[in-house]
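When you get a sec, could you build the whole thing from the sequences and use the hints?
FYI, in this note's numbering the residues of the sequence shown are 6 to 68.
Derived from the structure by calculation, the hints contain no laboratory data.
One or more hints might be untrue.
[As the list claims (entries may be wrong)] Cβ-Cβ distance ranges computed for the label pairs, FRET-style: (1) A38 / Q61: 33 to 41 angstroms; (2) N62 / C29: 40 to 48 angstroms; (3) M59 / I39: 28 to 36 angstroms; (4) I21 / A49: 20 to 28 angstroms; (5) T18 / F43: 20 to 28 angstroms.
Quick caveat, the model's predicted, so the values are computed rather than measured.
Ideal placement from N, C-alpha and C gives every residue a C-beta, glycine not left out.
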Amino acid sequence: MKKVKRIYKYILTIIIVFLIILLCLRSSAIREAIYLLFISFIIAYTLRPMNKYMEQNGIRKKI
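Here it is in C-alpha coordinates:
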(Lines of atoms letter the chains of each structure in order from A and count residues from 1; the text may use other names and numbers.)
(Lines give C-alpha, C1' and ligand atoms only; values in the text may rest on other atoms or scores of the structure.)
Protein backbone atom coordinates (compact mmCIF):
# COMPACT_ATOMS: atom_id res chain seq x y z
CA MET A 1 0.00 0.00 0.00
CA LYS A 2 2.85 2.40 0.80
CA LYS A 3 4.50 1.70 -2.54
CA VAL A 4 1.30 2.62 -4.37
CA LYS A 5 1.01 5.91 -2.46
CA ARG A 6 4.67 6.66 -3.14
CA ILE A 7 4.22 5.98 -6.86
CA TYR A 8 1.17 8.26 -6.99
CA LYS A 9 3.11 10.95 -5.17
CA TYR A 10 5.99 10.74 -7.66
CA ILE A 11 3.65 10.80 -10.63
CA LEU A 12 1.79 13.81 -9.24
CA THR A 13 5.08 15.60 -8.56
CA ILE A 14 6.32 14.95 -12.09
CA ILE A 15 3.06 16.22 -13.58
CA ILE A 16 3.15 19.39 -11.47
CA VAL A 17 6.77 20.09 -12.39
CA PHE A 18 5.98 19.51 -16.06
CA LEU A 19 3.03 21.92 -15.90
CA ILE A 20 5.14 24.58 -14.19
CA ILE A 21 7.84 24.25 -16.86
CA LEU A 22 5.22 24.43 -19.60
CA LEU A 23 3.68 27.52 -18.00
CA CYS A 24 7.09 29.17 -17.76
CA LEU A 25 7.79 28.53 -21.42
CA ARG A 26 4.46 29.98 -22.52
CA SER A 27 4.19 33.03 -20.26
CA SER A 28 6.82 35.73 -20.58
CA ALA A 29 5.75 37.46 -17.35
CA ILE A 30 6.29 34.32 -15.28
CA ARG A 31 9.58 33.65 -17.08
CA GLU A 32 10.83 37.17 -16.26
CA ALA A 33 9.80 36.78 -12.61
CA ILE A 34 11.74 33.51 -12.37
CA TYR A 35 14.78 35.15 -13.99
CA LEU A 36 14.54 37.98 -11.45
CA LEU A 37 14.37 35.54 -8.54
CA PHE A 38 17.33 33.58 -9.91
CA ILE A 39 19.48 36.69 -10.36
CA SER A 40 18.51 37.95 -6.88
CA PHE A 41 19.50 34.60 -5.41
CA ILE A 42 22.90 34.73 -7.11
CA ILE A 43 23.56 38.30 -5.99
CA ALA A 44 22.53 37.57 -2.40
CA TYR A 45 24.81 34.57 -2.08
CA THR A 46 27.65 36.42 -3.78
CA LEU A 47 27.44 39.29 -1.29
CA ARG A 48 26.95 37.08 1.77
CA PRO A 49 30.66 36.26 2.34
CA MET A 50 31.52 39.94 1.94
CA ASN A 51 28.91 40.85 4.56
CA LYS A 52 30.29 38.28 7.01
CA TYR A 53 33.83 39.56 6.44
CA MET A 54 32.77 43.15 7.15
CA GLU A 55 30.91 42.09 10.31
CA GLN A 56 33.99 40.28 11.62
CA ASN A 57 36.14 43.35 11.02
CA GLY A 58 33.89 45.66 13.03
CA ILE A 59 31.58 47.10 10.40
CA ARG A 60 28.02 47.09 11.65
CA LYS A 61 25.31 44.89 10.17
CA LYS A 62 23.11 47.88 9.28
CA ILE A 63 25.28 48.76 6.29
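Here is what the structure says about each hint:
no.	hint	verdict
1	A38 / Q61: 33 to 41 angstroms	holds (35 angstroms)
2	N62 / C29: 40 to 48 angstroms	holds (42 angstroms)
3	M59 / I39: 28 to 36 angstroms	holds (31 angstroms)
4	I21 / A49: 20 to 28 angstroms	holds (26 angstroms)
5	T18 / F43: 20 to 28 angstroms	holds (21 angstroms)
This entry satisfies every hint, going by the numbered hints stated previously.
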